[in-house]
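**Student:** Now for the letters of each chain:
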Amino acid sequence: AKAEVASKRQQALMDLLGSGDSPLRGDAFGFRGAGLYGNTISEHKRSAATNPMNKLVLHVHASSNNTILSLTDANGRVIVNSSGGSVGFKKAQRAGFEAAYQATASIVNTVIEKNISVPRIELRLKGFGAGRDASFKAITGLTNWNVCRIVDTTPIPFNGCRPKKARRL
Amino acid sequence: MSTGDGGGRSFVSDSLDSMMSRRLAEESRKQFASSLDKGLSSTGAPIVGRSVAVVSGGPAKAYARLNRIMTTNNVRRELYLRQRYEKPKYKRQRLRFESHARRFKDEVRNKVHLVMKMKSWGV
Chain L
1 AKAEVASKRQ
11 QALMDLLGSG
21 DSPLRGDAFG
31 FRGAGLYGNT
41 ISEHKRSAAT
51 NPMNKLVLHV
61 HASSNNTILS
71 LTDANGRVIV
81 NSSGGSVGFK
91 KAQRAGFEAA
101 YQATASIVNT
111 VIEKNISVPR
121 IELRLKGFGA
131 GRDASFKAIT
141 GLTNWNVCRI
151 VDTTPIPFNG
161 CRPKKARRL
Chain W
1 MSTGDGGGRS
11 FVSDSLDSMM
21 SRRLAEESRK
31 QFASSLDKGL
41 SSTGAPIVGR
51 SVAVVSGGPA
61 KAYARLNRIM
71 TTNNVRRELY
81 LRQRYEKPKY
91 KRQRLRFESH
101 ARRFKDEVRN
111 KVHLVMKMKS
121 WGV
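Protein chains in written order, with the numbering used here: chain L, 1 to 169; chain W, 1 to 123.
Hints were generated in silico from the structure; no laboratory data involved. Fair warning: there could be bad hints in the mix.
[Said to hold, decoys possible] Rough simulated footprint, nothing fancy, chain W against chain L, three-plus residues with beta-carbon under 8 Å:
1) 127-140
2) 149-157
[To be verified] Computed footprint of chain L on chain W, listed as stretches where at least three residues anywhere in the stretch have a Cβ under 8 Å from a Cβ of chain L:
3) 79-88
4) 97-108
[Claimed, not checked] So these bits of chain L aren't anywhere near chain W, every CB distance computed over 12 Å:
5) V80
6) E122
7) P163
No residue lacks a Cβ here, since even glycine has one placed at the ideal position from N, Cα and C.
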C-alpha cells in the first residue's frame with residue numbers, strides 16, 4: 001500500500017512538472033497563507049504570463065576548482081542541481097571542460113526525463129573557469145532550447161572587503 | 001496611536017486610516033512579490049550592464065558580445081588583481097607604470113601613423 005501511495009505521488013509530481021505549473025507553491029519566500037497585510041499570491045492560478053516556469057534560469061558557477069550548475073525557475077527556486085563531482089569526476093578533474101560539459105548534459109537529461117517544458121532559458125555565468133565555455137557549448141549543442149538572455153553574474157566588489165594578503169611574504 | 005486625545009479624531013476615521021495603511025502595505029508587498037518575476041533590467045541590479053539579450057544572431061553571437069563587453073571593461077584582469085590584497089605602495093607603482101606605458105604607446109602610434117601618411121603623400 002505504501003508503495004502504491006509513493007508511486008501515485010511520483011505520478012502526480014511528474015504530471016505537475018510536465019504541465020508547466022511550477023511545483024513550488026507559495027510566493028518567493030514559500031509563504032502560502034494569509035499574512036498580516038493580506039495574501040501575496042492570489043487564490044486563482046497564476047496567469048500564463050507571470051508563471052515563473054515560463055523562463056528557466058541555468059546558474060553556472062564556474063570556479064577554478066569546480067563547476068556547479070543549478071537549473072531554477074525565474075524566481076530562483078531550484079529544480080535540478082549538478083556539478084563536476086556529481087558526474088563522477090574527482091579532485092582536480094572536476095575543474096575541467098569535460099566535467100562541466102557532462103554536468104550540463106546530466107541536467108539536460110534530467111529535464112528530458114521529467115518532461116519539464118523549457119519555453120525559454122536564461123544563462124547566468126559566474127566566474128571564469130573552464131565551465132563557463134563548456135556549459136554554453138553544451139546547452140547550444142545538446143538542446144534546441146530558446147536561450148533568451150546571457151548574463152554575467154560574477155560578483156565584482158566596488159572596493160568591498162579586503163582580500164587576503166599577497167603570497168610569498 | 002493615542003485615542004481620545006488629539007484634534008478631534010473620531011473612532012471611524014482612525015479605523016479608516018488603519019485600513020488605508022494596511023491596504024497600501026498589502027499593495028506594496030504584492031508589488032514586491034510580482035517584481036521578482038520581472039526581468040533583470042527592471043531591478044537595476046549591478047549586473048544589468050553584463051546582460052545580453054539573444055536576438056537575431058543567435059546565442060553564439062550574444063555570447064561573443066558578452067565576452068567583448070567583459071574584455072573591453074577588463075573585468076577578468078580586475079578580478080585577478082583583487083584576489084590578493086595589493087598594498088598601496090605597489091598599487092601606486094603599478095598605476096604609474098601602466099599610465100606611462102599607455103602614453104608611450106599612444107605617442108608611438110601617432111608617430112607611426114604620421115609616417116605612414118607622409119609616405120602616402122609621397123614624401
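**Student:** Quick one: see if chain W covers the region 149-157 of chain L, three-plus residues with Cβ-Cβ under 8 Å.
**Tutor:** holds (count 8)
**Student:** Against chain W, does the region 127-140 of chain L show at least 3 residues with beta-carbon separation below 8 Å?
**Tutor:** holds (count 4)
**Student:** For L:E122, is the shortest CB-to-CB distance to chain W above 12 Å, so the non-interface label stands?
**Tutor:** violated (9 Å)
**Student:** Could you let me know if the closest chain W CB is still more than 12 Å away from the CB of L:P163?
**Tutor:** At roughly 5 Å from the nearest Cβ of chain W, L:P163 sits no farther out than 12 Å, so the non-interface label is violated.
**Student:** Three residues minimum, CB to CB under 8 Å: does the region 97-108 of chain W make the cut for coverage by chain L? Let me know.
**Tutor:** violated (count 0)
**Student:** Say whether it holds or is violated: L:V80 keeps its Cβ farther than 12 Å from all Cβ of chain W.
**Tutor:** holds (20 Å)
**Student:** Report holds or violated for chain L covering the region 79-88 of chain W, Cβ cut-off 8 Å, minimum 3 residues.
**Tutor:** That given contact holds, which follows from 7 residues of the region 79-88 of chain W lying within Cβ reach (below 8 Å) of chain L.
Checked against the numbered hints above, the structure breaks hints 4, 6 and 7 and satisfies the rest.
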